[in-house]
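The hints should help you fit chain B onto chain A, whose structure is shown.
Chain residues, written in single-letter form:
There are 2 protein chains.
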Amino acid sequence: MMLSVDEALQKLLAGLPVSGTERVPLAEANGRVLAEDLAAPFDSPRFDNSSMDGFAVRSADVHGASRQKPKSLLVAGDIPAGKSASTTLQPGHSMRIMTGAAMPAGADAVVPVEDTDAHALANGALPAVVQVYTQVSAGGYVRPAGQDFTSGQQLLAAGTRLRPQELALCAMLGQGELLVHRKPRIAIFSSGDELLPPGEKLQAGKIYETNSFTLSGLVQSAGGEAHLLGTAKDTLADVKTHLDAAVESGADLILSSAGVSVGSFDFVRDAVESDGRIDAWKVNMRPGKPFTFGQYKNVPFVGLPGNPASAFVGFEVFLRAALHAMGGVRGWQRQAVRARLMETVESDGRESYLRVLIHVNPREWQVYLTGHQGSGNLYSLVQAQALLRMPAGVKKIRAKSLVDVWPL
Amino acid sequence: MMLSVDEALQKLLAGLPVSGTERVPLAEANGRVLAEDLAAPFDSPRFDNSSMDGFAVRSADVHGASRQKPKSLLVAGDIPAGKSASTTLQPGHSMRIMTGAAMPAGADAVVPVEDTDAHALANGALPAVVQVYTQVSAGGYVRPAGQDFTSGQQLLAAGTRLRPQELALCAMLGQGELLVHRKPRIAIFSSGDELLPPGEKLQAGKIYETNSFTLSGLVQSAGGEAHLLGTAKDTLADVKTHLDAAVESGADLILSSAGVSVGSFDFVRDAVESDGRIDAWKVNMRPGKPFTFGQYKNVPFVGLPGNPASAFVGFEVFLRAALHAMGGVRGWQRQAVRARLMETVESDGRESYLRVLIHVNPREWQVYLTGHQGSGNLYSLVQAQALLRMPAGVKKIRAKSLVDVWPL
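Top to bottom, those sequences are chains A and B. 73 is the number that numbering that gives the first Met the number 0 gives to position 74 of the first sequence; each next residue is one higher, with no gaps. 113 is the number that numbering that gives the first Met the number 0 gives to position 114 of the second sequence; each next residue is one higher, with no gaps.
The hints are simulated quantities; they were obtained by calculation from the structure and are not laboratory data. A portion of the hints provided could be inaccurate.
Intra- or inter-copy, both count: the list cannot distinguish identical chains.
Unchecked claim - No farther apart than 30 Å at their CA atoms in a straight line, the calculated lysine-lysine pairs in the DSBU-like style are these:
{"hint": "1", "residue 1": "Lys-281", "residue 2": "Lys-82"}
{"hint": "2", "residue 1": "Lys-10", "residue 2": "Lys-281"}
{"hint": "3", "residue 1": "Lys-200", "residue 2": "Lys-82"}
{"hint": "4", "residue 1": "Lys-395", "residue 2": "Lys-68"}
{"hint": "5", "residue 1": "Lys-288", "residue 2": "Lys-10"}
With the rest of the complex left out, here is chain A (with noise of 0.2 Å):
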C-alpha cells in the first residue's frame, strides 16, 4: 500500500521519541527548545521609570511653564542608572534622573534635559536650581511598571525553539540557565558501491557521495546533531555493520540514504528486517517516492532516496518535522508563503514539489522553474529559492495561479 504525504508523516511523527532534558547556561541556548514553561517572576519594568534624560517633577508644579515664563524647581536629587531615590520629592522640587532610572516617590512626571535650562551631560555637575520651559501631563516621559508584562504571566510554554529575542527575554527574567531538551542524534550514512568520497580520485562508473553532506547540514539546521558514519557497501553484512554502529552510537534515529539502485535499496531493507521492521517503504510523491522507516534494535529508522534531490525534498517533507517534534518543539509549522506561478506546470498526480526561483515584484512574489526536475539532478536544486508544493490529485497547474511556496 502506498501512504500518502500526510499519512507517512503522521505515521512517522508517532513512532518518535522526544528527547530527555538538560540545564544549559543561557548563553550556549541559542536555538534549543526550552523543556520548561517560564512565567514572569516581576513586573517589567520591575518599577516607574523615566524615558528620558531629565528632571523628575510633580506635574502640577510645572503647569504653564513656558520658555518665555518658566518654572524654577529646586534639585533635590541625582538618580542615576541602577540607582533609586531615598527621599519623596517634596512640592518645588526636583529630581535630576536618567534614562531607566526608577521614579521617585511623590514624582509624577519627567522634564526632558532639553526642556530645561539644565547641562545635557549627564555627568555634568548638579545644579541647585533648573528653569522648566515647558509643561508635562502626569504620566509624561514616565514608562511604567508592568508595561511591557506582569509578574505572574505566563511568557514563554516548554517546547518554544529559543531565537535570540527568547534569550534576551530568559536573561530579563534572570534566568541564568535554562531546562532544555537534549539535541536529537541522527546518524547517518550511505550506502551502495557506486559511491566514493569526495577527494579521492574518480574511477569508472563511479560517482561521489553527496547525500551525508546534505542531510548532515540539513540536520543541524533543524536542531539536530549529525553522526556521519560514511558509506556501506552494498552487501547485507556492510549495510548492517552500519546500523550496528548508528545503534552504539547511541543514535535517537538512524538515516540512510540508499544507492539510487532499487537492488541496492533491496539490502538496506534485509538488513533493517534483519533485527527490525520497516512500517512502511512507498509514499505517494515526487521527488522521493521510495521513502522508508521502521525501526532496527528499537530505534527509529528512516531511509531516503539515494537521488540527491529525492533526499532533499524527503527530509524537508518528513525529516524537519521529525526533527522539530524530536527535539521537543511543540507544534510546529513550516512557514508558507503564497506566491503567483509565472508558468504552466504539470506533474502525474503525485504529491510533487518543484524547485522554483523568487522574483519579488511590488505586489508578490513571482515563481519560475529552474530547469530540468529530474531527481538526480542537483545543479536546479542549487539554484531553487523555494520549493513549490503541488498537491496530490493535481496533474496541472495554469500559469498565474497562486500556489504555496517553501523559501529554502
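Chain B only, in chain A's frame:
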C-alpha cells in the same frame, strides 16, 4: 547631521574589511562562504546511465514487443551500480543494468524490470534469456550525460553562502576541501551601571543585562563568531578596558550596546574617541535612533542603543548586512515578503520597524501589531513573527495596504 537608514548603511559597509580565507574539510563547510569560483570538471551525469533497474537493449530489437508477443533477448552481461560493461551490446542481446549504472556501448534504451519476465531483485541470479513485454523508444529510461551540468560550466561563484544543497554540489564535483572566508569575529560588550548578569540576585534599581545574549545569537545567525566581554561600568576607564580587551582578542568588529541612558552612551563615545573616531551617532529611524559607528584603534566599532528592541532592530537593519559583507558574501539581500496590513499604523516620519504577527490566509499573509511597540518592551518582540518596515517620511499606513515585512 542625522543620517537616513540607507546613508548610514552605505557608510558603515564602506568601512568594513572582508575576512581572509582558509581551507576547510567539506563536512565542516556548512554555512560558510565560498572564496573561490567552482566550475564543473566533468559532465553530470558523467556518462549516459539507466534511470531504472532493468535491461539495456537496442530499441530496434524490442520494436513491437507486447505481453502477447514478447521479444526474447539473450542476457549477455550484468552491470551493477558502480561498474561499466567492457563489451559492446550486440544485436539481439541485452544486459541487466541497475539504476545509475553506465549504459553499455551499443545500447540506446532500458526496459524496466517490471516490463520483463525477470525477477525484480537485483541480487537474483542472472537469467540466460529475458522476455521483453514492451517496446521502448531510443533514449527511453536513459539519463543522458550532461543533463545536470556540463564540463567547464560555472556552477558556484565566490561569495556564495553554502547551504546543504551547495555542499552536495561541491561533493558531486569531488571537492574534499573548500576555500572559504574566515568567520568574522565580533567582540560584544554592554555598558551601564544598572546591568546585572542573569543568575545573580536582583538589587533595587538594577535590571538584568539582555543584549549580549540577543547579539551573540544574532551574530551566529549571520555567520559570525561572537566573543563575549561582559558589562562595562559607566566610567571612561572601564569602557576603555573593554574596548582594549576587544582589540586584543583579535576582533574584526567591536559591538557595544550602551546603557539606556544618554549619559551612559557618552562614556562610550568618549572612550572610542580617545583613540579612534566616531563617524555617525544618530540615524533617522525608530526604534534605534542612537546608532553609532566609527573605529577604535583601527578596529571598526558599532554602538547600538541599550533598549532591547532598539538593539535588535539595529542589528537587523545594519549588522546583519555588515556581517554578510565582512564574511565575504556578495550581493546579500534580505528576502522581504509582501503582506496585507490589517490595522492602521502610525509613526513620526522616521523609518520605522514595527513588530507584527502573521496570519496566513489562502491568498496572502495578513499582519497585525503584537502590542506595545516601546523600545524597552521585549515581550512584544518575542511574540513578533516579522518586522514591518515603514519608509522614512510615512506617518500613517492605512489598514488593507500592502506592506513589506521581514520574517524573523
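Quick rundown of the hints versus the structure:
{"no.": "1", "hint": "Lys-281 - Lys-82", "in the structure": "between (67 Å within a copy, 27 Å between copies)"}
{"no.": "2", "hint": "Lys-10 - Lys-281", "in the structure": "within (13 Å within a copy, 55 Å between copies)"}
{"no.": "3", "hint": "Lys-200 - Lys-82", "in the structure": "between (69 Å within a copy, 16 Å between copies)"}
{"no.": "4", "hint": "Lys-395 - Lys-68", "in the structure": "neither (77 Å within a copy, 35 Å between copies)"}
{"no.": "5", "hint": "Lys-288 - Lys-10", "in the structure": "within (16 Å within a copy, 51 Å between copies)"}
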